[in-house]
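Q: Sequence:
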Amino acid sequence: MLKSALLLLSGNASSSAVLFIRNLLIARLISVEDYGIAATFAISMGAVEMLGAIGLQHLIIQDDDGDNPKKQAGLQGFHLLRGFLSAAILFFLSGPISRFMGVPEIAWAFQVLAIVPLVRGFVHFDIYRLQRQMEFLPLVSSALAPALVSTALVWPIYLVFPNYRVMLFALIIQAVILAGVSHAFSKRAYRVTLDRGIMTEAISFGWPLLLNSILLFGVFQGEKIIVGRELGMEQLALLAMGFTLTLTPTLILASSARSFFLPQLSRAKNAQHDFQYLSIVTMQSSLLNGALLVTAIFLFGGPLVHFVLGPKYSALIPYLPWLALLNALRVFKAGCAVVALAKAHTTNAMISNMFRVATLPISWFALISGADLYAVIIIAIVGEMLGYLVALALVHYKVGVILGRMILPLITTGVLLTYTLAQTSLEESNIPFSLPQIIGFVPVALLLILSLYSMYEFRRYIKNHSTFIPFKQKDPNS
Numbered sequence: 001m002l003k004s005a006l007l008l009l010s011g012n013a014s015s016s017a018v019l020f021i022r023n024l025l026i027a028r029l030i031s032v033e034d035y036g037i038a039a040t041f042a043i044s045m046g047a048v049e050m051l052g053a054i055g056l057q058h059l060i061i062q063d064d065d066g067d068n069p070k071k072q073a074g075l076q077g078f079h080l081l082r083g084f085l086s087a088a089i090l091f092f093l094s095g096p097i098s099r100f101m102g103v104p105e106i107a108w109a110f111q112v113l114a115i116v117p118l119v120r121g122f123v124h125f126d127i128y129r130l131q132r133q134m135e136f137l138p139l140v141s142s143a144l145a146p147a148l149v150s151t152a153l154v155w156p157i158y159l160v161f162p163n164y165r166v167m168l169f170a171l172i173i174q175a176v177i178l179a180g181v182s183h184a185f186s187k188r189a190y191r192v193t194l195d196r197g198i199m200t201e202a203i204s205f206g207w208p209l210l211l212n213s214i215l216l217f218g219v220f221q222g223e224k225i226i227v228g229r230e231l232g233m234e235q236l237a238l239l240a241m242g243f244t245l246t247l248t249p250t251l252i253l254a255s256s257a258r259s260f261f262l263p264q265l266s267r268a269k270n271a272q273h274d275f276q277y278l279s280i281v282t283m284q285s286s287l288l289n290g291a292l293l294v295t296a297i298f299l300f301g302g303p304l305v306h307f308v309l310g311p312k313y314s315a316l317i318p319y320l321p322w323l324a325l326l327n328a329l330r331v332f333k334a335g336c337a338v339v340a341l342a343k344a345h346t347t348n349a350m351i352s353n354m355f356r357v358a359t360l361p362i363s364w365f366a367l368i369s370g371a372d373l374y375a376v377i378i379i380a381i382v383g384e385m386l387g388y389l390v391a392l393a394l395v396h397y398k399v400g401v402i403l404g405r406m407i408l409p410l411i412t413t414g415v416l417l418t419y420t421l422a423q424t425s426l427e428e429s430n431i432p433f434s435l436p437q438i439i440g441f442v443p444v445a446l447l448l449i450l451s452l453y454s455m456y457e458f459r460r461y462i463k464n465h466s467t468f469i470p471f472k473q474k475d476p477n478s
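Going by my numbering, the sequence shown opens with residue 1, and the numbers climb by one from there.
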């Protein structure tokens, strides 16, 4: 099982790292304003994807009948139908989208972008189904190969289209390779059916996930839309790159934790002691992941911007620690969401995300009133913090997980985050590895070690080589 965990983490890390490099390369090659336009493609894709995000890939793992070929064919048919509908929506709304974002001259690009959801509709679900047997190589390959190919072709595309169109064609290539790799690693023939019963079951399972997807669109893209509309493409580019630098590690850690822990939690969902133990392990691992993110940005965020992106993105550096905190809170919530999903409590994530989305009108009003990016980020942090507290409460009251073993890790991690942000605020310059930063890192490292030491269940899980010991059995080392 430890090998599976390492495969997942390394695979997700590698694919996300490659896409991360792709975004950095594109940002380095094109102007800041053009990168802001390129960011609107991700916003548009997120808008159409959220309309059909009902968790079909989770259902085939979580459902007891997920191995049934008939069930898989029905889910694949529903997924294909969703792809056609998403493509049509993006194509016909290209005009309004481009005008709203203040770039009406690129409406054609959004029409071309409609190819992406259409192609993704042909993905073979074996890459998800095989996770039931803890086979993660197909899933990892379907993420890594498209990332590698699309990144390798950035420079040739740039030589022909030296502007925002680099991102447009990179996204299309990525979708095509994803669909192809999913079929190459499949063990079953690809079949699609439109089964009304399966679609009804999928909608019943996924409607809370759909609502949560709408909320997630607000979480991931809401501030970008507001900033792009009110402050322009250059400010949007800064915010988008800030999210790239801090959100990419978050997505790696969250997706790895979900793919690794969800099958284990789902198998243990009817064994309360085992489920309790794994739930605490999952949530503690999410705390550690968020703490590592903030610590890494504290040490390496400024140098990364200076040496990779160049001086045109230097204005981004002061925002990075706060964006790291924002996305650390998001990865904290991801642990709670995985635990709830294992018992089919798909409304938990939706409810906790409402608090972040509720801050968007406040952020918009703040910008209209003359505020800057700092205000937008701080408002979002408050929303995420409230959402995490609600997520913990829902895991306790709805899922039945006892949270006593989370109290000390929460306190130590909170102290770590508070000290790190305070240390960042005391710095007087953006010079990489400045003296205050070097001196301040020592207590940060000690606090990180203390936070890890307080996570007893997580350390016990690692010590036992990822084969957990249920609570009902006495641990001779305790």
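These aren't lab readings, by the way, just hints derived from the structure by calculation.
Just to be clear, a hint being listed does not mean it is correct.
[To be verified] Straight-line Cα separation of at most 27 Å, BS3-like style, residue types lysine-lysine; simulated pairs:
1. K70 / K187
2. K269 / K463
3. K70 / K269
4. K398 / K343
5. K398 / K187
6. K70 / K343
7. K343 / K269
Q: Compare the structure with the hints numbered earlier in the document and write down the numbers of the violated ones, lowest to highest.
A: Violated hint (a single one): 5; every other hint is consistent with the structure.
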